[in-house]
Amino acid sequence: MWREIRDREAGKTRPNSFKNRVSSSRISDLQLSNYKDVVSPHRGSINSLQVDLTEGRYLLSGASDASASVFDIQRATDFEGGGEGALIAKHKSLITIDKQHQNGHKFAISSAIWYTIDTGLFVTGSYDHYIKVWDTNSTQMVMNFKMPGKVYRTAMSPLATSHMLIAAGTEDVQVRLCDIASGAFAHTLSGHRDGVMTVEWSTSSEWVLVTGGCDGAIRFWDIRRAGCFLVLDQSQSQLGRRPPLLARSAVNKVSTSKALSKGQNLSVKPRLPQKKSGGGNGIKHSPIGQIPAKGSLKQRLHPGMLSSQDRATAHYGAVTGLKTTEDGMYLLSAGSDSRIRLWDVKSGRNTLVNFETARLQTSKPIQLATTQDSNLIFVPCMTSVKAFDVWSGKMRVTFRGHYEYVNCCWFSSQDQELYTGGNDRQILVWSPARLISNEDASPAEDQDNWSD
Amino acid sequence: MEEDGGKVRALIEKATNSTVAHVDPRLLKAIKTVVRYSDAELRLAARTLMDLMKRDHSQVRYLTLLIIDELFMRSKLFRTLVVENLDQLLSLSVGFRRNHPLPAPPAVASILRSKAIEFLEKWNSSFGIHYRQIRLGFDYLKTSLRLQFPNVQANAARVQQERREREMKTKEILVKKFEVLKENLVLLKEEIRETVDEIGECLEIVKNKEDNVVLGALDDDDDFEEFRPLDLRQLRLDSLKEGEKVCENSENKVVFDALRELYKLLVTKHLVSVKEGISVLIRVEVADTRLRDSMLKEFIDIRNRLQSVKKKCVESGCSLPDITKIDKEEEEDFWEEGKVESTDPGSSSEPSKQNEKSAAPPTSGQVKNDPSECSTKKLKRKEYLCSEGGGTDSGSLRSKLIAEAPVIEWGSFLDTWGSNRDVLANHRGLDLESHWGRVDHDAVIPAKKIAELNLHATLYKEERVEIQPCQAPLAKGGFCQRRDLRVCPFHGPIIPRDDEGNPINQGSSTSDDITLDSGTDLVVQLAKQAVKNVRDRDNEEARKRKMDKQSQKRAKLAKIREHNEAVLRDAAVASTSRSSVYGDGIEGSSRNSLLARNRKDTLASMLRKKVTTKDRLSQRLLNTRASDAMTRQLTMGEDANYREAFPNQWKSGPGFSSVTGMELDSIECVPSLDLTDEDGIHHHLHHFPSVSKPHTTTTTNNNSTNTVASAFHTTSVHELLECPVCTNSMHPPIHQCHNGHTLCSTCKTRVHNRCPTCRQELGDIRCLALEKVAESLELPCKYMSLGCPEIFPYYSKLKHENLCNFRPYNCPYAGSECVIVGDIPFLVTHLRDDHKVDMHSGCTFNHRYVKSNPREVENATWMLTVFNCFGQYFCLHFEAFQLGMAPVYMAFLRFMGDEAEARNYSYSLEVGGNGRKLIWEGMPRSVRDSHRKVRDSHDGLIIQRNMALFFSGGDRKELKLRVTGRIWKEQQNLEGGACIPNLCS
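Chains G and U are the protein sequences, given in the same order.
Per numbering that gives the first Met the number 0: the first sequence = residues 0 to 451.
Per numbering that gives the first Met the number 0: the second sequence = residues 0 to 984.
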């Protein structure tokens, strides 16, 4: 640790790599935090957790008792505990919206997300068929959307600059995009054959939305076009990830990825000539990427209508969780078949990474989390949360602490902390071990106590 | 290291392999010492203990838990190790997970649970601050599952508080009393002094008088002394001594009355109040102790003085109350015999008897005294008859006689006591004229005969002595309530026991009796008598009190009896093997030696129980109610919690409790579950919603899939569009009645112009509005679940559904009217399994059809073979039928799939023999086209029967056709034109 700092001072390591090194070492020793308690005011299972994307400071939680709360995870509300050594910081909720609130939800909140631009708004989706938008400061409802069924998941694009749409996956087969600006549904995306458990915006393009339904399909939508442009098929596979771009091309990586996303977007047009070159771009690098003629034939037909492709499923059973990696190149999905799959977004193929999950919760949408460098994925596996290596699928850590099923987790890359919420109504904080543990002898010091 | 590892593991396993309720302390100590100096050992110990916790036996788990607690409280490393798996540990010890209840035996399981909860609380209070996991677990059990924690600390604090309050209260009371005492002290002293003075005066007077008498009497005594035998003299002396005291007569009666009065006052009032005062002074805590001390001193002085006065009184006039009492009793013509009571401690503590305390026998002796007391009363009358002027001398004689006299119940024979007159036989003058023979009117019954007749016959009455309960402590808590005379069958000879049930050595009490009996001294006897007499009088007043008390006691007894019954029932249960096993665990040796001869005390024996007769009896004895209560008790806590935690799954709860009731008969060792992966265990409990189950969805009502899918936003409208008669969707023209009830056009013709809803005349009114609404609806295809993605306007939906590519296929088997529908994989399995169709893979085939009786065409033969190639399935049909008048055989191929896909394939069939050959090339037809349709279009290889028989060769008697063929995929099939030939046209 100190050597690294010295290296950094001497300029031997670059700031970025130094930061990455430190944060990854911190991530590797996450454990149940004893000095940080989130005091959950919820009386039902926690369904959703999110730390705001702007400051990384406010944790928003949504629970089954129709309540949503905001916690300040950086400044504790009070402290508890004996000596210096074991000081427990209690984080109590700053705001709680529950059934007693005049506009509160009636049934369980399944999803609570921050407005991506700032912390002035947040959005809750509930089983009472409503999506509500709240003003954080006044804790008043500013807008609501009546949905055709229970809302399973809402999402807002983290990159969106030109729209502020809430994508909502509901019991209904259609995915709706609710426009906060106008207060109406901007889009209705139909294609799924069953309720939509999870929605996720692409992290590379503000126009691309990924949805996973109870029918087992994962669909990609370009919201500027009609219909979905890609349905992931678990039987279409490639081995492993595509080799990363060469180091020297890292400079134009951004532009490439832009081009790629453009290519994706364009691929919606069925008979676009340069589609092939765009699509083949990534494949050309691939050692295994000989796409059979049939694949291109499929692409040519209208994707929404071609039955054989349209019926493709990504999971047996429902897709319960989706998470795009930070660079938007890969998509992780969890299904009620207890599998986690890593998809290459570009080629739309299953990478066949074997994640060693035992069981996943099947009946509820689960919320996955990844680290910033997308090396680890945190998956709620029944009563525990497991961290997997994204690329190898090896299980790294099991976080055991919850007494009932875990529904959601959120990784705060700023503090390298993991927040998990489950049916036992607890929000647990998993943080790296303290670097400098205070060794002051306190009266209640935890020591060996052999009497004989 | 490895052998060391073996050591701690062996120690732990040895320690847990026991049936007693605690860990052997020596083993525990050994474990601790081994573990203390080696982290590796500690880790191993933690692992071993966790493994042991997974054992399917509550006793093992319990002992393991005890060891865990011991180590947990000591080692930090152990804590960190345990805490990591705390949830697992808790689920194994508390058993809060529904799917993993605690294993048998249930009795130990419940102890295990309570112990685990207790430990968790302890851990939380001492280490919770350092371990979030402990806090979490504690919170979870407490707030989510709402388990009852014993709350040891809070309880102790509360008890402390209560005691403090009580003390404060008593102190307050004492202080108050002290104040009162301080005020009344002077008054009291004054009163006492007066009384004492008066007593002194009275005594003075009495003494003077007595002295004279006694002197005279003593002179007499001296005179007699010479000519009396020694023993008589002694007797005399005694009686004289007695007489010394008993000296009340008519002249000093007033004085004695006053004395008695005063004495009573002294004893009942002053002495008591002084004693009270002293006790108050001793206990009270006041600011100035000086005053208190002085008061105390004063009081003690007063008491001493009072006591000396009392003694004087007793010395001088001890027996003076006696006579009066005897006199009084004399007048009482009714006397109820005192009941024989085992003990009556209350009577000895009567305040009025305190003066007799010195002389009063111990309570155990009282039983013995009572009969003699009774005898006194019995013989009183006789005594008076015999010795009229008994005087002072007779007193001693009488008492002696009383002591010797037997106790006789009162009867009519006492009327003639002592008379020896003859009685007239017919003294009543009964007329016996009609009697046979001569009547002797003067007949006399001799006294001897009378005496004979009057012989008193007494019935032996058993003394009703309450049989003491055994009182041996039971394993379950409480005491044995068996009442046996000498030996309790369970706990050996009955011996007196204290409250804890421990035996008391009782040698002293018997010796008491002996000493009492040996005290045959006359004085003592007299004193006894006096005591008795005083008591008798008091008894009279006490009786009323006693009556009340008895009724109270009776009520109490009834309650106790009720309780006893319950306890007995429990005891009956406890003495059966079921609970005795548990008792073994608790009690260890003493019961074992009695009950279990030579029984092996293994853990397995706790699980495997033999059903003894006693068990069966107890089972019958314990009706369901009792057993229910037991199991309920066991499971109530957790059930309640489950009810809270899983309100939806509660239904299966009672099953669990019933199991505990049943397991008496059949307990078997369930192979222990491997709990290493919690998740793995849930596995079988979960149901995977599967996507590809087309046959189930299609075979069931197709309507439902359609409505379910589309119901989300069109539910109400869709319902409106449902015909009330046929429940199909209505299509224009939609009709309605005058009242607006809608009806579809097909049903309208069937209802005879009556609205099926309101029975009104229907008329001919269209419901254009509904038609318009229906037009605006868009619904997904009803084969959505089979993959059809399309959404149609209401009216074109029906049309589409008839043509939908995703609609299910019919079973291609032609031999029978099979109604099975489904998708291709389903149909293939159906054909294979239900129709036993031959399956072939590969794209070429070579079949030989053999038929022995080829002329039968009417009973057309169908042969069906399924080929699997190119990932698709094809059906090869071969059949015989009548083409016009000509009998023919026909072979054709059908593609199991859609028309469009069928066009991608071609096939050829060849049949031949004898150098001739028929070749057919064509495209397979889809199985959408029915078998009959294909046949009637003659789209296949048709062989005239003659030809076929020719091909068969031989004597044309038998059909032996070799059909070969090939299926291939068309390379280019883009002409697309659907060209389905109909060769017959």
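Since the hints were made in silico from the structure, they are not lab data.
Careful, some of the hints might be misleading.
No more than 27 Å apart at the CA atoms, straight line, and that leaves these computed lysine-lysine pairs for DSS-like [claimed, not checked]:
| hint | chain 1 | residue 1 | chain 2 | residue 2 |
| --- | --- | --- | --- | --- |
| 1 | G | K35 | U | K309 |
| 2 | U | K309 | U | K296 |
| 3 | U | K75 | G | K89 |
| 4 | U | K968 | U | K916 |
| 5 | U | K75 | U | K188 |
| 6 | G | K91 | U | K141 |
| 7 | G | K145 | U | K771 |
| 8 | U | K548 | G | K89 |
| 9 | G | K98 | U | K141 |
| 10 | U | K141 | U | K121 |
Status of the hints after comparison with the structure:
Proposed proximity of K35(G) and K309(U) is contradicted: the alpha carbons are some 80 Å apart, above 27 Å. Between the alpha carbons of K309(U) and K296(U) the distance comes to roughly 20 Å, so the proposed pair stays at or under 27 Å and holds. A C-alpha spacing of about 25 Å is found between K75(U) and K89(G), which places the hinted pair at or below 27 Å, so the restraint holds. Simply put, K968(U) and K916(U) have alpha-carbon atoms about 24 Å apart, close enough for the 27 Å limit, and the pair holds.
Distance hint between K75(U) and K188(U) is unfulfilled; the C-alpha atoms sit about 71 Å from each other, more than 27 Å. Proposed proximity of K91(G) and K141(U) is supported: the alpha carbons are some 20 Å apart, at most 27 Å. As the CA atoms of K145(G) and K771(U) are separated by approximately 26 Å, the hinted pair is consistent with the 27 Å bound. About 63 Å separates the Cα atoms of K548(U) and K89(G), which puts this hinted pair outside 27 Å; it is violated.
Restraint check: the Cα-Cα separation between K98(G) and K141(U) comes to about 25 Å, which is no more than 27 Å; the hinted pair holds. Proposed proximity of K141(U) and K121(U) is supported: the alpha carbons are some 13 Å apart, at most 27 Å.
Consistency note: the structure conflicts with the earlier hints numbered 1, 5, 8.
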